[in-house]
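Engineer: Mind docking chain H on chain V? Use the hints.
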Amino acid sequence: MRWINATPTRSARLALALVPFVLVLVVYAMGSAARLADNPSDKLLPGLAAFAQAIERMAFMPDQRTGELLLVSDTIASLTRLGAGLAIATAIALATGMVLGMFPYVRSLLGSFVAVISMVPPLALLPILFILMGLGEAAKIALIAIGVTPILIRDLAFKVTDLPHEQLVKAQTLSASSWQIGMRVVLPQVLPRLLTSLKLQLGPAWLFLIAAEAISSDSGLGYRIFLVRRYLSMDIIFPYVAWITLLAVIMNLLLDWLRWGAFPWARGSAG
Amino acid sequence: MSEIVISDVWKEYDEQIVLEQISLTIAPRAFVALVGPSGCGKSTFLRMLLGDERPTRGTITLDGHPLPSEPGPDRGVVFQKYSVFPHLTVLGNVLLGLELQGSSVRICLRGEARRRAIDTAREMIAEVGLAGSETKYPAQLSGGMQQRLALAQALVMRPKVLLLDEPFGALDPGIRADIHVLMRRLWHETALTVVMVTHDMREAFTLANRVIAFERPRDRPEERERYGARLSQDISIWPARLAGEPDPYSPDRDGPILSEAFSRDDLALETVPGD
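In the order they appear, the protein sequences are chains V and H.
Following the working numbering, the numbering of the first sequence begins with -11 at its first residue and continues without gaps.
Following the working numbering, the numbering of the second sequence begins with 21 at its first residue and continues without gaps.
This is chain V alone, in the form it adopts within the complex (with noise of 0.2 Å):
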């Protein structure tokens, strides 16, 4: 049988997942042991009792010097910039996309206005937006909203562009105008796209948070992984990692989970 045609069954794929994760683990551990044997107080590879220590210190003890729990205090704050940049990403993301992709006109005049922008690396931008607005919240919402928006916009607006023109022709034929067209036609149907993009956009939006964060910050995840550098505290540094990575995989899960649910109509297609 071909190699394109041979299909796992249902407990094989799951093992053969679990295989890359379990690997990881195992190599890492290994080369821990390897380095503690030769050095016990190693602190580039931690064993499992250090980071066991590590957050308990971090997830389960107060701050002697702020009396809050690190690990909560922390991901408060950095979900908080999140959740605010990539609110407004999604508003301006969600009418410029939708007007830009309907409007000839509005597309003649922003359309390679937007395309240029999105060019624009962000991060580049970060030490404006510093100048700017401070270095407090605003200038890392600030850049979370730049560096996503976007390209939001440009995926927005390629769907609506991408509906088929029968379908707003028959919309026409049914009285409808350029508001309610956006409104009943264009709108439900661009917003599983939306999740789709934002999902995408997540990876992007926690590099800006990150990035901000480690520059210029009293708080955060960001800021704490690299506050403790300065240590060498690998041990509070790759539980960091992977909280912040657990923490996009269950806004990934989030976000599939609503597509899902609110937009039955759109299941097995793209967006």
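Honestly, the hints are just simulated from the structure, not real lab data.
Heads up, some of the hints might be wrong.
[As the list claims (entries may be wrong)] As a list, the in silico DMTMM-like pairs of lysine to aspartate or glutamate whose alpha-carbon atoms are at most 20 Å apart:
1) H:Lys101 - V:Glu154
2) H:Lys101 - H:Glu73
3) H:Lys180 - H:Glu23
4) H:Lys101 - H:Asp220
5) H:Lys101 - V:Asp150
6) H:Lys180 - H:Glu147
Structural biologist: Quick look at chain H alone, frame taken from chain V:
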């Protein structure tokens, strides 16, 4: 009511002339089939009636008024594909026009008005034989059912003119025969002028009461760009087939066709031994 007058219409795209010298009067309640080879501009012509394309020269009037330059509720349409909205249920699709008509800002109906609209929509759905499927999405319907839905969605607006762009071309023969019966009944029972583009000559001659053929009089490769298609045939079905009147002469095309199909255009079939 709903007389369409097309006078000396030309359609050109840049250098390419697609249609030329099209003059035609379509009587109220006619059922006109437009036939012709691929690429002869019959769909372009339909889109001009729809308002989706504008004639380069010439005028089209509906009831004596120039046709608006964009589609509107007086002209319903069913395309071969993408005629229904995938994000709305069967009921939602038929309801949409009722919810939007008469206002340019309202996006849904509430209360009593909504209940009345739902009743109207359900009647229309039952009319096209989709009763019981109200909560399904188009993706869950077969091709024939989707086209029935598209018809219901268009007809619930009570358009003066129904434009059909190869609406049944993608359907299986059996399904197509069923929907032909429906289409003919709708034409008889509704105050409609129908203009249908089709590839299928049998469909044209069994549904329509007037068949119009488009053809390029000059079709050599070097002539194609500068000469468009014209009307080459204009055939009224005889005995006259009139909307709303029974038709005792014309045999039902959806009946048995086997004997008719043999010997007509396939000489090989006539020589099959024992047949």
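Engineer: Between lysine 180 of chain H and glutamate 23 of chain H, does the CA-CA distance stay at or below 20 Å?
Structural biologist: holds, 9 Å
Engineer: Given the hint that lysine 101 of chain H pairs with aspartate 150 of chain V, does the C-alpha gap stay at or below 20 Å?
Structural biologist: holds, 15 Å
Engineer: When you check the alpha-carbon spacing of lysine 101 of chain H and glutamate 154 of chain V, does it fall within 20 Å?
Structural biologist: holds, 8 Å
Engineer: Sort out whether glutamate 147 of chain H lies within 20 Å of lysine 180 of chain H, counting only the CA atoms.
Structural biologist: holds, 18 Å
Engineer: Please verify whether lysine 101 of chain H and glutamate 73 of chain H have alpha carbons no more than 20 Å apart.
Structural biologist: holds, 19 Å
Engineer: Does the alpha-carbon distance linking lysine 101 of chain H and aspartate 220 of chain H stay inside the 20 Å limit?
Structural biologist: holds, 17 Å
In terms of the numbered hints stated before, the structure departs from none.
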